[in-house]
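Visitor: Sequence:
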Amino acid sequence: MPDKISNAKDLARSIAQKLDMPQEDVETVLREFQSTIVQQMKEGGEVRFPGFGSFKTVKRAARSARNPRTGEKVEVPSHTAVRFALGKSLKSLGDDSS
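So for the sequence shown, my numbering puts the first residue at 1; every next one is plus one.
A portion of the hints provided could be inaccurate.
Claimed, not checked - Calculated lysine-lysine pairs in the DSSO-like style (CA-CA distance at most 30 Å, straight line):
id: 1; residue 1: K18; residue 2: K59
id: 2; residue 1: K88; residue 2: K56
id: 3; residue 1: K9; residue 2: K91
id: 4; residue 1: K59; residue 2: K88
id: 5; residue 1: K4; residue 2: K18
id: 6; residue 1: K88; residue 2: K42
id: 7; residue 1: K73; residue 2: K9
What the hints assert, rightly or not - Estimated spans, in silico, between C-beta atoms of each pair:
id: 8; residue 1: R60; residue 2: S92; range: 27 to 33 Å
id: 9; residue 1: L30; residue 2: K91; range: 20 to 26 Å
id: 10; residue 1: P77; residue 2: Q17; range: 41 to 47 Å
id: 11; residue 1: F33; residue 2: E75; range: 34 to 40 Å
id: 12; residue 1: R63; residue 2: D25; range: 25 to 31 Å
id: 13; residue 1: P68; residue 2: R48; range: 18 to 24 Å
id: 14; residue 1: K9; residue 2: P77; range: 16 to 22 Å
id: 15; residue 1: D20; residue 2: R83; range: 20 to 26 Å
id: 16; residue 1: D25; residue 2: E72; range: 46 to 52 Å
id: 17; residue 1: S92; residue 2: L30; range: 23 to 29 Å
id: 18; residue 1: Q17; residue 2: H79; range: 35 to 41 Å
id: 19; residue 1: S6; residue 2: E75; range: 23 to 29 Å
id: 20; residue 1: D3; residue 2: S78; range: 39 to 45 Å
id: 21; residue 1: K59; residue 2: D3; range: 37 to 43 Å
Worth flagging that the hints you see were computed from the coordinates, not collected in a lab. Positions of the beta carbon are idealized from the N, C-alpha and C atoms, including for glycine.
Construct the complete structure from the given sequences, taking the supplied hints into account.
Guide: Next up, the structure:
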């Protein structure tokens, strides 16, 4: 069973071992990867990884909601959110046939 990856350092360590690269170099690449995706989202773009998934921004309309602790009605303003849609390789993880 592979080592559990629960954060960016674990991911960098795993990739560094597989590619025989310094972990610091992989951490730099992962930071830049994250920064690039964030910048694309700020610009309203979309980032696709065929088979894995895609990130894109979506506009959420204003709505009424309830505070789960108090039951008080609150107004949630319209805002932009990031959506991640699963690609085929991740969707297939839920299939019992694979």
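Visitor: Of the hints given before, which are not true for this structure?
Guide: 1, 7, 12, 13, 14, 15 and 19
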